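Please take these sequences and the hints and turn them into a complete structure.
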Amino acid sequence: MKSSLEDTLLSAIRAIPDYPKPGIMFRDITTLLGNARAFRRAIDELVHPYAGTKVDKVAGIEARGFILGGAIAHQLSSGFIPIRKKGKLPHETVRVAYSLEYGLDEMEMHKDAVAAGEKVILVDDLIATGGTADGAVRLLRQMGADIVAACFIIDLPELGGRRKLEALDVPVRTLVAYEGH
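According to UniProt numbering, the sequence shown is numbered sequentially starting from 1.
In case anyone wonders, no lab produced these hints; they're calculated from the structure. No experiment lies behind these values; they were computed from the predicted model shown. Hints should not be assumed to be uniformly reliable.
[To be verified] Cut-off 25 Å, straight-line C-alpha distance, at most; resulting in silico cross-link-like pairs (DMTMM-like, lysine to aspartate or glutamate):
no., residue 1, residue 2
1, K119, D134
2, K54, D134
3, K86, D134
4, K164, E106
5, K54, D169
6, K86, D44
7, K88, D28
8, K85, E108
9, K88, D44
10, K21, D44
11, K164, E179
12, K119, E92
13, K111, D56
14, K86, D105
15, K54, D44
16, K85, E166
17, K54, E158
18, K164, E62
19, K164, D105
20, K119, D56
21, K119, D146
Written as structure tokens, this is what we have:
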């Protein structure tokens, strides 16, 4: 039996079959973001384990990680770090290449976004294969960040992303899992 939280979140997440290509079931959180109760519950649940602890920054992965990460940073009275696709930030940046399902991409953050030793929580909407999150972890660690956790609303466990981050000694917090994504 699912918990009230899981029911609330699952009912607020739209599933779109065959997007962006045939065979993929896309989990769209824009419907969750538009549902005030579900959005509040998700943010509260992601914040809860870290409330009252020292978290210097929350790093959000473009783009849905910006929405979630900004709300989490606000709740924790922390700063926010945008992690963006290459070429989107206006100041001096540091960059990392990371693997996608079909190729490579690059992400970057401002060079002065995090100081060595700062405690950071990484946030995005979904963890699947973990390629993007792995790249973000490497980017943050390159600058000396102490990654407290990686938080996601959705986990697609059979794709192995959670295991990939845990192998890097990054605790992972997710709210709902979709078996057979």
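Hints, verified against the model:
Taking the CA atoms of K119 and D134, the gap is near 17 Å; set against the 25 Å cutoff, the hint holds. Of the pairs offered as hints, the one joining K54 and D134 holds, with about 23 Å between alpha carbons and a cut-off of 25 Å not exceeded. Simply put, K86 and D134 have alpha-carbon atoms about 16 Å apart, close enough for the 25 Å limit, and the pair holds. Restraint check for K164 and E106: satisfied, since their Cα atoms lie roughly 19 Å apart, inside the 25 Å limit.
Simply put, K54 and D169 have alpha-carbon atoms about 19 Å apart, close enough for the 25 Å limit, and the pair holds. For the suggested pair K86 and D44, the alpha carbons sit about 31 Å apart, so the restraint of at most 25 Å is broken. A C-alpha spacing of about 24 Å is found between K88 and D28, which places the hinted pair at or below 25 Å, so the restraint holds. Proposed proximity of K85 and E108 is supported: the alpha carbons are some 6 Å apart, at most 25 Å.
A distance of roughly 30 Å separates the Cα atoms of K88 and D44; the hinted pair therefore is violated under the 25 Å criterion. Simply put, K21 and D44 have alpha-carbon atoms about 33 Å apart, too far for the 25 Å limit, and the pair is violated. With a C-alpha separation of about 17 Å, the suggested pairing of K164 with E179 holds against the 25 Å cut-off. Using a Cα cut-off of 25 Å, the hinted pair K119 and E92 holds, with the two alpha carbons roughly 22 Å apart.
Note on K111 and D56: the hinted pairing holds, with a Cα-Cα distance of about 16 Å set against a maximum of 25 Å. Between K86 and D105, the direct Cα distance comes to roughly 8 Å. Compliance with the 25 Å bound is thereby established for this hinted pair. A distance of roughly 17 Å separates the Cα atoms of K54 and D44; the hinted pair therefore holds under the 25 Å criterion. Simply put, K85 and E166 have alpha-carbon atoms about 24 Å apart, close enough for the 25 Å limit, and the pair holds.
Between the alpha carbons of K54 and E158 the distance comes to roughly 32 Å, so the proposed pair goes past 25 Å and is violated. As the CA atoms of K164 and E62 are separated by approximately 20 Å, the hinted pair is consistent with the 25 Å bound. For the suggested pair K164 and D105, the alpha carbons sit about 18 Å apart, so the restraint of at most 25 Å is met. Only pairs whose Cα atoms come within 25 Å are accepted, and K119 paired with D56 is accepted, the gap being roughly 5 Å.
Restraint check for K119 and D146: satisfied, since their Cα atoms lie roughly 5 Å apart, inside the 25 Å limit.
In this structure, the earlier hints numbered 6, 9, 10, 17 are contradicted, and the remaining ones agree with it.
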